[in-house]
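Residue numbers (our numbering), protein chains in the order written: chain Y, 1 to 144; chain B, 1001 to 1084.
Keep in mind the hints are simulated off the structure, nothing from the lab. Honestly, I wouldn't trust all of these hints.
[As the list claims (entries may be wrong)] Taking lysine-lysine pairs in the DSS-like style, the calculated list, with each CA pair at most 25 Å apart, reads: (1) B/K1048 to Y/K126; (2) Y/K126 to B/K1009; (3) B/K1009 to B/K1048; (4) B/K1015 to B/K1048; (5) B/K1072 to B/K1009; (6) Y/K118 to B/K1072; (7) B/K1072 to Y/K126; (8) B/K1015 to Y/K118; (9) B/K1015 to B/K1072.
[As the list claims (entries may be wrong)] Pulled from the structure, derived: some chain Y residues nowhere near chain B, Cβ distances all over 10 Å: (10) R23; (11) E72; (12) L89; (13) D131.
[Said to hold, decoys possible] For the chain B half of the interface with chain Y, some residues (derived, Cβ under 10 Å), not all of them: (14) E1019; (15) A1035; (16) L1055; (17) A1061; (18) K1072.
Please read all numbers here as calculations on a predicted model, not as lab measurements. Using N, Cα and C, we set each Cβ at its ideal position, and we do this for glycine too.
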Amino acid sequence: MKPDYILITDQPIDYAMVTERVRSNDCGAVVLFMGTVREMTAGRQTVALDYEAYPEMAQQMLEQLIAEARVEWPVHAVAIEHRVGHLSLGEISVAIAVSSPHRAQAFEAGRFLIDRLKEIVPIWKKENWSDGTSEWEHKEIKTK
Amino acid sequence: MTAQQIQIKLFARAKELAESELITVAVSEGTTVAALRLAIADQFPQLKPLSSQLLIAIDNAYAGEDQTLNGKQEVACFPPVSGG
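Generate the whole structure from the sequences, applying the supplied hints.
Pasting the structure below:
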């Protein structure tokens, strides 16, 4: 098994590099999920997003989620990068790559990782709207 | 009971409302997370807009309401997360 890779970074995410980290001759499948900055949300226009993280805890929570995924699926390797700082439209906020022997496992594990990341990993997003206002987005949480 | 100063890291909107990334809250020794919440609300009323939504973490893990504070842990307080 390859060592898992987790990075919280203020640098642009190189998704090809993230993907390469999980590729292996032991695997028939690699799934890459990317989150990107969307312009329109419920009729409102975004000009940019600002992300902030609690990096030490985010690292710990992501390690926990990868461990949970490994209990559920025969995951070979996981690589996760999350960006912080100021992001323009279309930029990549998060990349999650998962490899496994067969595709269903990689799809399911990847889905689990991004869904749970959005629920428990301490990272926050601030919307900068086109009307000049900005606001933090806060979802309800399930710490499970 | 002896008083104790707990330093709390703040993030996102909590940090903005308090205008500080680190606050110090006075509590009695051996206090619980639930009591810490009340102390935060009492001593930092500017955090009131987030009130019940605030999450507390101890040593990089989500804290339970009856967990106790010993003054040696790293304590953080923040609104529900919205990464991804």
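How the hints compare with the structure:
With a C-alpha separation of about 19 Å, the suggested pairing of B/K1048 with Y/K126 holds against the 25 Å cut-off. A C-alpha spacing of about 19 Å is found between Y/K126 and B/K1009, which places the hinted pair at or below 25 Å, so the restraint holds. Only pairs whose Cα atoms come within 25 Å are accepted, and B/K1009 paired with B/K1048 is accepted, the gap being roughly 17 Å. Restraint check for B/K1015 and B/K1048: satisfied, since their Cα atoms lie roughly 12 Å apart, inside the 25 Å limit.
A hinted pair counts as satisfied when its Cα atoms are at most 25 Å apart, and B/K1072 with B/K1009 qualifies at roughly 14 Å. Of the pairs offered as hints, the one joining Y/K118 and B/K1072 is violated, with about 29 Å between alpha carbons and a cut-off of 25 Å exceeded. A threshold of 25 Å between alpha carbons decides the hint, and for B/K1072 with Y/K126 the separation of about 32 Å lies outside it, so the pair is violated. Using a Cα cut-off of 25 Å, the hinted pair B/K1015 and Y/K118 holds, with the two alpha carbons roughly 20 Å apart.
A C-alpha spacing of about 22 Å is found between B/K1015 and B/K1072, which places the hinted pair at or below 25 Å, so the restraint holds. Once the 10 Å rule is applied to beta carbons, Y/R23 is consistent with being away from chain B; the minimum gap is 24 Å. Residue placement check: Y/E72 keeps its beta carbon more than 10 Å from all beta carbons of chain B (closest about 20 Å). Against the 10 Å criterion, Y/L89 stays outside the reach of chain B, whose nearest CB is about 16 Å from its own CB.
No beta-carbon of chain B comes within 10 Å of the beta-carbon of Y/D131; the shortest separation is about 19 Å. Because the smallest distance between the Cβ of B/E1019 and any Cβ of chain Y comes to about 15 Å, over 10 Å, the interface hint for this residue is violated. Nearest Cβ of chain Y to the Cβ of B/A1035: about 19 Å, over the 10 Å cut. The hint is violated. With 10 Å as the threshold, the beta carbon of B/L1055 comes within range of chain Y, its nearest partner Cβ sitting at about 6 Å, so the hint holds.
A least Cβ separation of about 7 Å between B/A1061 and chain Y falls short of the 10 Å threshold, and the interface hint therefore holds. The interface hint given for B/K1072 is broken, as the beta carbon of that residue sits about 16 Å from the closest beta carbon of chain Y, more than 10 Å.
Consistency with the previously given hints fails for numbers 6, 7, 14, 15, 18, ordered from lowest to highest.
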